[in-house]
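Q: Going down the list, the protein sequences come from chains A and B.
Counting from 311, one number per residue, gives the positions in the first sequence under this note's numbering.
Counting from 2, one number per residue, gives the positions in the second sequence under this note's numbering.
Rather than coming from a laboratory, the hints here were simulated on the basis of the structure.
Each statement offered as a hint is correct.
Negatives, chain B to chain A, calculated, CB over 10 angstroms:
hint : residue
1    : 2
2    : 4
3    : 6
4    : 12
5    : 49
6    : 50
7    : 53
8    : 58
With the Cβ distance kept under 10 angstroms, some of the chain A side facing chain B (calculated, not the full set):
hint : residue
9    : 329
10   : 382
11   : 389
12   : 402
13   : 403
Chain A residues, not near chain B, derived (Cβ > 12 angstroms throughout):
hint : residue
14   : 315
15   : 340
16   : 356
17   : 357
18   : 360
19   : 372
A virtual CB, placed ideally from N, CA and C, is assigned to each residue, including glycine.
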Amino acid sequence: MRYIVLFFILLIVWLVLTFDLTFPNLLVGALAAIITTVIFGPHFVRDVRKFFQPQRYLWLLIFLIVFVWECLKANFDVAYRVLHPAMPIKPGIVKVKLNLKSDIAKTILANAITMTPGTISVDLVDDILYVHWIYVSSFDPEIYSHKVAGRFEKYIKRIFD
Amino acid sequence: MNDLIFKILISIGVIFNLFGCIGLIRLPDVYNRLQSATKCVTLGTCSILLSLVFKFGFSEIGMKGIIAIPLLFFASTVAAHALIKGAHFFGVKLGDQSMIDDYEKDKEKKSKK
Chain A
311 MRYIVLFFIL LIVWLVLTFD LTFPNLLVGA LAAIITTVIF GPHFVRDVRK
361 FFQPQRYLWL LIFLIVFVWE CLKANFDVAY RVLHPAMPIK PGIVKVKLNL
411 KSDIAKTILA NAITMTPGTI SVDLVDDILY VHWIYVSSFD PEIYSHKVAG
461 RFEKYIKRIF D
Chain B
2 MNDLIFKILI SIGVIFNLFG CIGLIRLPDV YNRLQSATKC VTLGTCSILL
52 SLVFKFGFSE IGMKGIIAIP LLFFASTVAA HALIKGAHFF GVKLGDQSMI
102 DDYEKDKEKK SKK
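With the rest of the complex left out, here is chain A (with noise of 0.2 angstroms):
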C-alpha cells in the first residue's frame, strides 16, 4: 500500500517539475519513481491512511501560515543582531523535551525550530532535543522549551502524529 502512495507521488512530482504530458515522458517518470520506490520505499511512512484524513491536510494549512510569519520574524531577528554594531548575542546550547512519538514529526518539528528566531537542532537523542540558541534568554527549562518548540509543537501533532 505505501509502496503504490509513495509512487504516485513521485509521478506526480515529476509531471509538474517537467511540465509535458506526453507518452514517452510519462514513461520515463515511471520508470525513475518505480526504481526510487524499490530503494527508499522500506524508508518511507508507515502508516500511509494518514494521507487520506483531509482534517491533517486544514491543519498542514494553518501551520504553513503561522511558519512563515514565524520564519519572517526570525529573519528581522537575526538581521537586526547582525546589523546591530555591539552585536546583542547571548549563544548557548540547551536541550529541549519532545511529546511527539513518530520520527516524521520529530524531523519536521526539528526542521522548522532550524527555521525560526535564533535556533538550529544540533541533536536528537530519543525524545531530547539538544539546540543552539542565539539569545538565551532564560535559564528555566519549562519557560524556554515553551519558547522554542511550543509554538509549532501542537500544528505538528495534529498533522503527523
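Based on these hints, arrange chain B on the given structure of chain A.
A: Just chain B now, kept in the frame of chain A:
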C-alpha cells in the same frame, strides 16, 4: 502590478542574502555563523524563487520555482544540522560569549558511565 511584486520580491531576496553574508563575517563562532547562513540566505533565495511565479505565471518556469522552495528548505536545514553536529563532534568550542552548553555536559555524563 505583477511586475511590481516581482521587483519587490527580488529586492527583498537580494537584501536578505546580503544580511546573511554580513552575518557570516561578523558573528564570532561557527554556530552563530550557521544561524545567519541558514535563516537569512534561505529566506532570501525562497523570495527570489517565489518572484518567478509573479513574472512568468504558473508556467513551466514558475512551477519549477515553487517546487525548488521545499527542496531548498529541507536541504538547508539538514545541511545546517549536519554541519553543527559535526562541528560539535570534532570539538569546536563555542565562542567566549556563550552562556550554557547542555549538550557537552550530557556527552561527558554518558562517557563517564
